[in-house]
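Number of protein chains: 2
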Amino acid sequence: MLSVGDNIEEIKSALEFLLRDADVVVVTGGLGPTTDDITTTAIAHTFDKQLHTDNAVLLQIKGIFEKYRIQWTDNNTKQAVFPLGAIPIVNHAGTAWGYSLEIGKKLIVVIPGPPKEASAMLRDSIIPLLCQRDETKQQTFRATVVVKVFGISESKIDKLIADSGLHALGVDVGFYPNFYEVLVTVNTYQANEQQAQKIIAQAKKILENQLGEHIFSFSYEALEATVARELMAQQLTISVAESCSGGLIADRLTDVSGSSAYFHNGIVCYSNESKTKLLGVPDEVIKEYGAVSKEVALLMAQGAKKVGGTDIGLATTGIAGPTGGSAEKPVGTVFIALAHDAGSFCQHFSFRWDRRRNKMITSQTALVMLLKRLQNKNLCCITHYFQ
Amino acid sequence: MLSVGDNIEEIKSALEFLLRDADVVVVTGGLGPTTDDITTTAIAHTFDKQLHTDNAVLLQIKGIFEKYRIQWTDNNTKQAVFPLGAIPIVNHAGTAWGYSLEIGKKLIVVIPGPPKEASAMLRDSIIPLLCQRDETKQQTFRATVVVKVFGISESKIDKLIADSGLHALGVDVGFYPNFYEVLVTVNTYQANEQQAQKIIAQAKKILENQLGEHIFSFSYEALEATVARELMAQQLTISVAESCSGGLIADRLTDVSGSSAYFHNGIVCYSNESKTKLLGVPDEVIKEYGAVSKEVALLMAQGAKKVGGTDIGLATTGIAGPTGGSAEKPVGTVFIALAHDAGSFCQHFSFRWDRRRNKMITSQTALVMLLKRLQNKNLCCITHYFQ
Chain L
235 MLSVGDNIEE
245 IKSALEFLLR
255 DADVVVVTGG
265 LGPTTDDITT
275 TAIAHTFDKQ
285 LHTDNAVLLQ
295 IKGIFEKYRI
305 QWTDNNTKQA
315 VFPLGAIPIV
325 NHAGTAWGYS
335 LEIGKKLIVV
345 IPGPPKEASA
355 MLRDSIIPLL
365 CQRDETKQQT
375 FRATVVVKVF
385 GISESKIDKL
395 IADSGLHALG
405 VDVGFYPNFY
415 EVLVTVNTYQ
425 ANEQQAQKII
435 AQAKKILENQ
445 LGEHIFSFSY
455 EALEATVARE
465 LMAQQLTISV
475 AESCSGGLIA
485 DRLTDVSGSS
495 AYFHNGIVCY
505 SNESKTKLLG
515 VPDEVIKEYG
525 AVSKEVALLM
535 AQGAKKVGGT
545 DIGLATTGIA
555 GPTGGSAEKP
565 VGTVFIALAH
575 DAGSFCQHFS
585 FRWDRRRNKM
595 ITSQTALVML
605 LKRLQNKNLC
615 CITHYFQ
Chain R
235 MLSVGDNIEE
245 IKSALEFLLR
255 DADVVVVTGG
265 LGPTTDDITT
275 TAIAHTFDKQ
285 LHTDNAVLLQ
295 IKGIFEKYRI
305 QWTDNNTKQA
315 VFPLGAIPIV
325 NHAGTAWGYS
335 LEIGKKLIVV
345 IPGPPKEASA
355 MLRDSIIPLL
365 CQRDETKQQT
375 FRATVVVKVF
385 GISESKIDKL
395 IADSGLHALG
405 VDVGFYPNFY
415 EVLVTVNTYQ
425 ANEQQAQKII
435 AQAKKILENQ
445 LGEHIFSFSY
455 EALEATVARE
465 LMAQQLTISV
475 AESCSGGLIA
485 DRLTDVSGSS
495 AYFHNGIVCY
505 SNESKTKLLG
515 VPDEVIKEYG
525 AVSKEVALLM
535 AQGAKKVGGT
545 DIGLATTGIA
555 GPTGGSAEKP
565 VGTVFIALAH
575 DAGSFCQHFS
585 FRWDRRRNKM
595 ITSQTALVML
605 LKRLQNKNLC
615 CITHYFQ
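As they're listed, the protein sequences go chains L and R.
According to our numbering, the stretch in the first sequence is residues 235 to 621, in order.
According to our numbering, the stretch in the second sequence is residues 235 to 621, in order.
If we strip away everything but chain L, and leave its shape as in the complex, we get (with noise of 0.2 Å):
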């Protein structure tokens, strides 16, 4: 992947330079209204094509701007000018459409920046090109499995891998840490499906023996669409009440479509007083153990599910930093308390990051607790987790 500035010259140089070796160049961004975005430009410089404006396409570009009621600028004709000889491609995510180029045996693909449109027009219209155009791609089947991974590192992850005869299947492995989870994939490309399906069960195996309770997930999906999944199955109801993780929590919630089945209400009770007047936690507990306890996280969680009139309440305190540490409760202190009709529980952690980072890890161990514990498993891996 090569990025270059808004400059002609320096497209030229890198467009050649990757052409030295590949078959087909993927090009992204530059193909807006504004001045600076020059890339069908650089591209008809580049292999000494002629520009025309393709009124099909302006007439549909007018179409969108007429639509969301847009004004309509004369600066966005130049979003339907193209390269001669270039097949346009549609956007439906956005207004600048992207094409193709034959250069010789090669193949060049422009498509829009924003990441939306680019990877709609990625999954819809150039993964099909090119699989079309590659007649040898029908003989290879590969076979994938994932694993995302909670509370232990990514040298740890590596090391329990190495002993495990995973690498001698002939897998490729791959690690995408995250500070607050770990993404393994592990592919195997084979000359029949059956094999490689077999292959990938092994590795699985394998995975689930050496990382155990660790892993959360089978999936790519967010840890939140995983609790939902868990939630709407069980036709369970949760509320919540953060202090240190500020609703971040609850956003992660509702970022799933259909949350309202699952999440009844969130309370960010930042004050104290919000804890005593929101949740009914008495001023007289917060006065004796502070508001960074477990006994107020126990109350939060217990108020939370009261209030909400929910089966589950799930609750933070804590320090997010990077002031209001003390010897005692430093920054990074954070309790997690969740309340269910069979009793309550709270667990304390030391967290060690900066404040967006110390919210993070909070709302994502605190899905993780709810996870496990709808899971009937154990929490082990969080409990040790870091401490």
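One should not assume that every hint holds.
Which copy? The list can't say, so a pair holds if one copy fits it or any two copies do.
[Claimed, not checked] Below, simulated SDA-like cross-link-like pairs (lysine to any residue); rule was C-alpha separation at most 25 Å, straight line:
hint	residue 1	residue 2
1	Lys296	Tyr414
2	Lys528	Gln436
3	Lys246	Asp257
4	Lys439	His582
5	Lys563	Ala495
6	Lys393	Gly347
7	Lys296	Leu394
8	Lys246	Val258
9	Lys350	Pro411
10	Lys246	Gln424
11	Lys340	Leu252
Hint data in this document are derived by calculation from the structure and do not stem from the laboratory.
Fit chain R to the given chain L structure using the hints.
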């Protein structure tokens, strides 16, 4: 910017391509402990250097593992291995150190990939190192103005700027559109500082004339930080009531350190019951006008203000999608209301994105409304936003 896979020959070819034109190449990533981290091996191979372990660095890394009680695994030793002749660069945010390596008259700088580590090391070590090397650096002065713009598209901004005389100043103009705001940067490089400042002052004036009320900030800082400064300066407090934004406004407001000074509480009231129970919105009003209505939004904002005992109440109600829309109230219908001591007001919006982005644009619009109100500015730019 050239990005390659974990492949020694690809890394070699990338380094050779970049060094044809560049005096300095900064390499990020691939310094971790796992088997796919091969950057140092590839650099040693490319420039024919031997590898050695730096024991002082190794000791420091082991110290970090002890401090955070993370179990040591031997593959971490790799993070203290350098090509001969490299000068290690300390990493205060992680375990893998970076290094610089002179190759003839050119320089390779290698730093870890995690964004937080890379950006801290760039700021603290790499940029100072490069300034030191560049003796002419002292002789060019850069001046910059940035504006953040809300409520008009990138192409409209470009058009407004094109006719304004801005380009005639000989400045570099950059557009960084995000679907909910556009960052415009203007830079000038001059032989003396005074001249640079004079040109930038003219550029700023032109931007203010052309973009007017659409400008909400002259800073790179996040909108929530700008709002926070304004609230603190005026010693005002706020509570929020969120339906369709699902906690995102509370999350953003609490991302600012010290937010407990102005943020009291947030209520994420997804169910109708919670709107009644927690915010005092009468059941009959919800029945008559619907939960997504101007009437309910206003009562939510007033309820948030009252429950939180704050100067300001901010509320959202709408249909984030993709389900839940109707002919009368399609997906993207959002009401945002603001209640303060002098009165309340509400605006109706028709957004047109997916669920996550409808939540994001709702939070952004609500915060811009709040900021404009705090600055006693008019809200035209908002009321006409995509209407």
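Consistency of the hints with the structure:
Only between protomers do Lys296 and Tyr414 lie at most 25 Å apart by alpha-carbon distance; the minimum there is 22 Å, versus 44 Å within a single protomer. In this homomeric assembly, Lys528 and Gln436 never come within 25 Å of each other (Cα to Cα): the closest approach is 43 Å inside a single copy and 58 Å across copies. In this assembly of identical chains, the alpha carbons of Lys246 and Asp257 lie at most 25 Å apart whether taken from the same copy (16 Å) or from different copies (20 Å). Neither within a single protomer nor between protomers do Lys439 and His582 lie at most 25 Å apart by alpha-carbon distance, with minima of 32 Å and 53 Å respectively.
Taking CA atoms no more than 25 Å apart as the test, Lys563 paired with Ala495 passes between copies only; the shortest distance there is 20 Å, against 37 Å inside one copy. In this homomeric assembly, Lys393 and Gly347 come within 25 Å of each other (Cα to Cα) only across copies, at 20 Å, whereas the closest approach inside a single copy is 38 Å. In this homomeric assembly, Lys296 and Leu394 come within 25 Å of each other (Cα to Cα) only across copies, at 20 Å, whereas the closest approach inside a single copy is 57 Å. When the C-alpha separation of Lys246 and Val258 is checked against a cutoff of 25 Å, the pair qualifies both within a copy, at 15 Å, and between copies, at 21 Å.
Both within a single protomer and between protomers do Lys350 and Pro411 lie at most 25 Å apart by alpha-carbon distance, with minima of 23 Å and 13 Å respectively. In this assembly of identical chains, Lys246 and Gln424 lie within 25 Å of each other by CA distance neither inside one copy nor across copies; the values are 37 Å within and 29 Å between. For the identical chains of this complex, Lys340 and Leu252 are neighbours both inside a copy (11 Å) and across copies (24 Å), given an alpha-carbon limit of 25 Å.
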